[in-house]
Amino acid sequence: MKMSSLLVERTLSQFEAQPLADDHPAVAQLNQLFGEHTFFLDGSGLHIVEPAEPTDAGAEKGVVVKLARWSDLSHTSLAPHPPEVTDLIVMLEAA
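Each residue of the sequence shown is one higher than the one before, counting from 68 in this note's numbering.
Each hint should be verified, as a subset may be incorrect.
[Unchecked claim] Computed list of lysine to aspartate or glutamate pairs in EDC-like fashion (alpha-carbon distance at most 20 Å, straight line):
#1 K128 / E76
#2 K69 / E117
#3 K128 / D90
#4 K128 / D154
#5 K133 / E76
#6 K133 / E83
#7 K133 / E103
#8 K69 / E151
#9 K128 / E103
#10 K69 / E127
#11 K69 / E160
#12 K69 / D139
#13 K128 / E151
#14 K133 / D89
#15 K69 / D90
#16 K128 / D139
#17 K128 / E83
#18 K133 / D154
#19 K69 / D89
#20 K69 / D123
#21 K133 / D123
#22 K128 / E117
#23 K128 / E160
#24 K133 / E151
#25 K69 / E83
#26 K69 / E103
Bear in mind the hints are in silico, worked out from the structure with no lab data behind them.
Could you build the full structure based on these sequences and the hints that come with them?
Given below as structure tokens:
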């Protein structure tokens with residue numbers, strides 16, 4: 068999912084990662100590979116946030132999905148793999 072700056076801010080308060088700016092040179096290629104998303108990098112690789120079932124109170128939330136892992140120790144190259152849904156749920160709006 069493509070996120071607004073507010074949703075990116077909320078996500079970063081719950082997920083320690085760096086968002087890739089829309090004008091980052093890699094984003095065009097990532098969009099071709101994975102579709103239009105806001106991409107996040109952390110120590111384990113490349114992630115996106117996908118919508119998840121709302122809470123009982125109706126608040127929107129998302130689940131972090133890992134798309135690629137670092138293929139080298141210096142974190143300069145990524146190796147794509149099938150999407151892996153993580154256990155990390157981010158609240159996208161207040162309940």
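Holds or violated: are the alpha carbons of K128 and E151 at most 20 Å from each other? holds (17 Å)
Does the alpha-carbon distance linking K128 and D154 stay inside the 20 Å limit? holds (13 Å)
Between K128 and D90, is the straight-line Cα distance small enough, at 20 Å or below? violated (26 Å)
Decide if the proposed pair is consistent with the structure: K69 and E160, CA atoms, cutoff 20 Å inclusive. The hint holds at about 15 Å.
Are K69 and E117 close enough, with their CA atoms no more than 20 Å apart? holds (9 Å)
20 Å Cα cutoff - pair K133, E76: holds (19 Å)
20 Å limit on alpha-carbon distance, applied to hinted pair K128 and E117: holds (9 Å)
Pair hint K133 and D123, alpha-carbon separation not exceeding 20 Å: Cα-Cα ~26 Å, so violated.
Starting from K133, check that the Cα of E103 is at most 20 Å away, please. holds (15 Å)
Take the C-alpha atoms of K69 and D123, compute the straight-line distance between them, and say whether it is at most 20 Å. violated (24 Å)
Next pair to validate is K69 with E83; report whether the Cα-Cα distance is within 20 Å. holds (18 Å)
Need the status of pair K133, E151: alpha-carbon distance at most 20 Å? Judged against 20 Å, a Cα distance of about 5 Å means the pair holds.
Figure legend: structure checked against the earlier numbered hints; hints not met, in rising order: 3, 12, 16, 20 and 21.
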